[in-house]
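Keeping the supplied structure of chain H fixed, place chain Z upon it in accordance with the hints.
Listed in order, the protein sequences are those of chains H and Z. Numbers given in the numbering used here equal positions in the first sequence, counted from 1, plus 1431. Numbers given in the numbering used here equal positions in the second sequence, counted from 1, plus 1431.
None of these hints come from the bench; they were simulated from the model. Predicted model only: the values in this text are computed from it and were never measured. Ideal Cβ placement from N, Cα and C applies to all residues, glycine included. Please note that the accuracy of each hint is not assured.
Now the stretches of chain H that chain Z is said to cover, found in silico as 3 or more residues with beta-carbon under 8 Å [stated by the list, open to error]:
#, region
1, 1453 to 1465
2, 1595 to 1609
3, 1616 to 1623
4, 1633 to 1644
5, 1666 to 1679
6, 1700 to 1712
2 protein chains.
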Amino acid sequence: MIPLPPEGELTHQPIGDFQTEAGAVIRDVTVAYQRWGEFHGDPHGRNNLILVEHALTGDSNAVVWWDGLIGPGAPIDTDRFCVICTNVLGGCSGTTGPSSDHPDGGKWGSRFPATSIRDHVRTEAHFLEALGITSMHAVIGGSMGGARTLEWTLMYPDWANYACVIAMSARASAWQIGIQSAQISAIERDPDWQGGDYYGTGRSPDAGLSAARRLAHLTYRGELEIDERFGTMAQPGENPLGAFRDRQQRFAVQSYLDYQGQRLVERFDAGSYVTITESLSRHDIGRGRGGLNRALAQITVPTMVVGVDTDILYPFHQQEHISRNIGNLLAMNKIVSPVGHDAFLVETRQMGHILRNFIAMADQTPSASDLAKEQGNYDI
Amino acid sequence: MIPLPPEGELTHQPIGDFQTEAGAVIRDVTVAYQRWGEFHGDPHGRNNLILVEHALTGDSNAVVWWDGLIGPGAPIDTDRFCVICTNVLGGCSGTTGPSSDHPDGGKWGSRFPATSIRDHVRTEAHFLEALGITSMHAVIGGSMGGARTLEWTLMYPDWANYACVIAMSARASAWQIGIQSAQISAIERDPDWQGGDYYGTGRSPDAGLSAARRLAHLTYRGELEIDERFGTMAQPGENPLGAFRDRQQRFAVQSYLDYQGQRLVERFDAGSYVTITESLSRHDIGRGRGGLNRALAQITVPTMVVGVDTDILYPFHQQEHISRNIGNLLAMNKIVSPVGHDAFLVETRQMGHILRNFIAMADQTPSASDLAKEQGNYDI
Chain H
1432 MIPLPPEGEL
1442 THQPIGDFQT
1452 EAGAVIRDVT
1462 VAYQRWGEFH
1472 GDPHGRNNLI
1482 LVEHALTGDS
1492 NAVVWWDGLI
1502 GPGAPIDTDR
1512 FCVICTNVLG
1522 GCSGTTGPSS
1532 DHPDGGKWGS
1542 RFPATSIRDH
1552 VRTEAHFLEA
1562 LGITSMHAVI
1572 GGSMGGARTL
1582 EWTLMYPDWA
1592 NYACVIAMSA
1602 RASAWQIGIQ
1612 SAQISAIERD
1622 PDWQGGDYYG
1632 TGRSPDAGLS
1642 AARRLAHLTY
1652 RGELEIDERF
1662 GTMAQPGENP
1672 LGAFRDRQQR
1682 FAVQSYLDYQ
1692 GQRLVERFDA
1702 GSYVTITESL
1712 SRHDIGRGRG
1722 GLNRALAQIT
1732 VPTMVVGVDT
1742 DILYPFHQQE
1752 HISRNIGNLL
1762 AMNKIVSPVG
1772 HDAFLVETRQ
1782 MGHILRNFIA
1792 MADQTPSASD
1802 LAKEQGNYDI
Chain Z
1432 MIPLPPEGEL
1442 THQPIGDFQT
1452 EAGAVIRDVT
1462 VAYQRWGEFH
1472 GDPHGRNNLI
1482 LVEHALTGDS
1492 NAVVWWDGLI
1502 GPGAPIDTDR
1512 FCVICTNVLG
1522 GCSGTTGPSS
1532 DHPDGGKWGS
1542 RFPATSIRDH
1552 VRTEAHFLEA
1562 LGITSMHAVI
1572 GGSMGGARTL
1582 EWTLMYPDWA
1592 NYACVIAMSA
1602 RASAWQIGIQ
1612 SAQISAIERD
1622 PDWQGGDYYG
1632 TGRSPDAGLS
1642 AARRLAHLTY
1652 RGELEIDERF
1662 GTMAQPGENP
1672 LGAFRDRQQR
1682 FAVQSYLDYQ
1692 GQRLVERFDA
1702 GSYVTITESL
1712 SRHDIGRGRG
1722 GLNRALAQIT
1732 VPTMVVGVDT
1742 DILYPFHQQE
1752 HISRNIGNLL
1762 AMNKIVSPVG
1772 HDAFLVETRQ
1782 MGHILRNFIA
1792 MADQTPSASD
1802 LAKEQGNYDI
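The shape of chain H in the complex, shown without the other chains (with noise of 0.2 Å):
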C-alpha cells in the first residue's frame, strides 16, 4: 500500500543528501509533489500512475497549470490514473533550492550548485523510490518537463511504461543557450542579486528578475499572436510617441511585458530562475550515450513527440528531429497556433485531443516490457 497524501495538498518528502552529475552534493533534499486520483496497481510493475512534469517556473499544481486537461473525465482522467506531480529540484514552490534553508544555516544562495535535467529526473526517481515506487503507466511532460520527460526514458528505461514529450528538443540549441545566458545575464546585473547570496538582505534583484522574463515571454509566444493583441497601440493614457523617450510611456505590449515581469517577481525567486535556467542549456541526451541520435535510438519507450508549428525557442524542426531518430515512436503530433511555445499550455482544445489520443494510443500498443516478456514466450 503507498502511503500518498489527500488529493491535491501540497506535500514534502525527504529524500536525503543528492549528489549532482557534476559532483557537488546537496543536503537533505526535499521534493514537494502534489498527487490526485488513487493509485492502483503493483508499484514495482503494472500500475495506473502517470507523472506529469511542470515547466521551467510551474510547481508541482499540475491541475491549475494544465487547466482542463487534468482532472475527472479531463484527457489525463484522475478517474482511472493517478497523477504525481512533483516541483523540480532547484525550485522555489516546496522542493530545495537556493531560496530553501541551508543545514549550516543561513539559505543556500550561490552555495546551491548547478543541476543538469539529469539531476532533476533522478532526484524525481529518488522520490518515488522514498514513495515505495519503481514503475509508472506514463511520464508526460511539457517543456523543460519534456527534457526532463525525454531523459526518464533513457535514464529509467524500465520505469515509465509510456512517454509524451512536448515542445522540446533532444539537446539545448545553441540560440537557447544564447537566450538562457541572456536571461540570466539580466538577473547577475542586478545590483541587488549580489552574487545570489540576496536572501536576508532587504534587497532582492527584481528588475533583473522581472526582465528575464519578459525577455523569455518573448520567446515564448509568437511573434503572430503578440501582434493581434497589441500591434503598436499605446497603453491606454500613456503616450509613446512623445518628444522624449519615457520609460512610464509605453506602447501596450510593454505594459503587457511589464506586469508578465511583475507578476513573476511576486511568485518566484530569481535564485530558483537562473538555476533552473542553466540546467536548460545543460540539456543534450547525446551526453555520455554516443551523441545525439545514438541516444535517441536507444529509447525503447513507445513515445509520443508533440510540437509547435510557430514555437521559436524549441523549433518544430527539432521535435521532427527526435520523432525520426527515436528508438521507439508512438506517434507525432503538431500544435497549429499563432501562440508560439507556451500553445501546449493555452491551446487546450488541441492539447486535450493529443492527450487523449495518447492514452488511448498506449493502452493499444506493448510496452517495453510487454515486449521483452512476449520475446521471452516466443524464447520459451
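Showing chain Z alone in chain H's frame:
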C-alpha cells in the same frame, strides 16, 4: 555642379536646426556622409544618384558593411552611379547624436530627443537640399535602412525614382517593440548609464550595451546558423558543465555572443543605441496616413521588396504584406539562408543578384514621373 567631397571621404554637412516629428528641436544638426562614383545629371530631375541607407548600428561607410555590393563593376556600380550614404540622425559616426557636443556645452546625452524613422528621412532630405539635390535615381536600404527607404517613398514621392526595401515591415510589430524595449532596458538598468548623461563621468554603460547587443544578435541570426556553428560545444579551455555555475566557464556560443557585445562596445555609443533603437519602435508608415494598407497603396515609386526566409526579427510574412498592398510593386525577392535577418548583409552572392536585378528592372520600368509625363502626353 554639385560640390561633392573626395570619393569615400567622411564629410560633415551642417543642416541647421531640426524639429522632430514629436515637436522637439535639435539645434545645429550635422549630417556625416560618404560618396562614391561621379554625380551626373540634373540634381532636380533625372540623375544617377543612389542613396544607400544603413542599418541600426551601421554607418556611412557602405562599401565596408556591404562589401562586394557597391563599387566599380559591383551590383551597385559606382562606374555608373553616384552612391551616397549618410550616418543616421542620432548616430555616433559623425551625424549629430547623444554623444555630440550640445550648443550650450557638454554632450547632448538625455537632452537628445526621441526621433522617428520619419525624422531620419527628413534630416536626409534637408542634407540633400543642402547639397543642392532634390531628386535621385534610387533609394536602397535593409533593416532600419529599409524602414527609411519605405518612408522615403511616402514622404518624398517625387524624389526617388525607384526604391528597394529589404528585410523590413510596414510598421514595428509588438514583438519587435518588446525585444527592442528589452535592449533599451538592458542599457538603462546599467548603473553606469546615469540616465543617459554618462559622458565625461569616466563611467559608461558598457555591460548594458554589451547585453543589449548579445540579445539583438540572437534576433539577427537564425537559430539554424548559430546552432550549426556552435551547438552545445564548450569554449576551448572552459567547462560550462562544472559543479557550480560560473560566468567564466562558457559554452562556445556564450563566448561568441560576448565577443559580439564587446565589439559593439568598442565602436558604438550606448546613447545612440538607445535613441536609434527607440526610433525603430516608432516605425509605422500608417501613422497619420489612414492606416498601413492605405499608406502602402499610396506608394507610387516602383519598389522592390526583399525578405529572408529564416528572419525571426522581420519575418517574411511582413515583406509579403508590403508586397501585396504596395501601390507600385517592382518585384518581390526572397533570400534563402539559414542566417536569418543578417542574410542581406552576408549572403553576398544572393544579394548581388537581387541588386543587379533591381537596377535592371528599374532601367526597364517607367518611374512615377515618367508615367505622369506619358499621362500628360495622352492628355494633349
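Hint-by-hint comparison with the structure:
1. 1453 to 1465: holds (count 3)
2. 1595 to 1609: Coverage by chain Z holds for the region 1595 to 1609 of chain H (8 residues, Cβ < 8 Å).
3. 1616 to 1623: As far as the region 1616 to 1623 of chain H goes, the hint holds, because 6 residues have Cβ atoms under 8 Å from chain Z.
4. 1633 to 1644: Satisfied; 3 residues make the cut.
5. 1666 to 1679: holds (count 7)
6. 1700 to 1712: holds (count 4)
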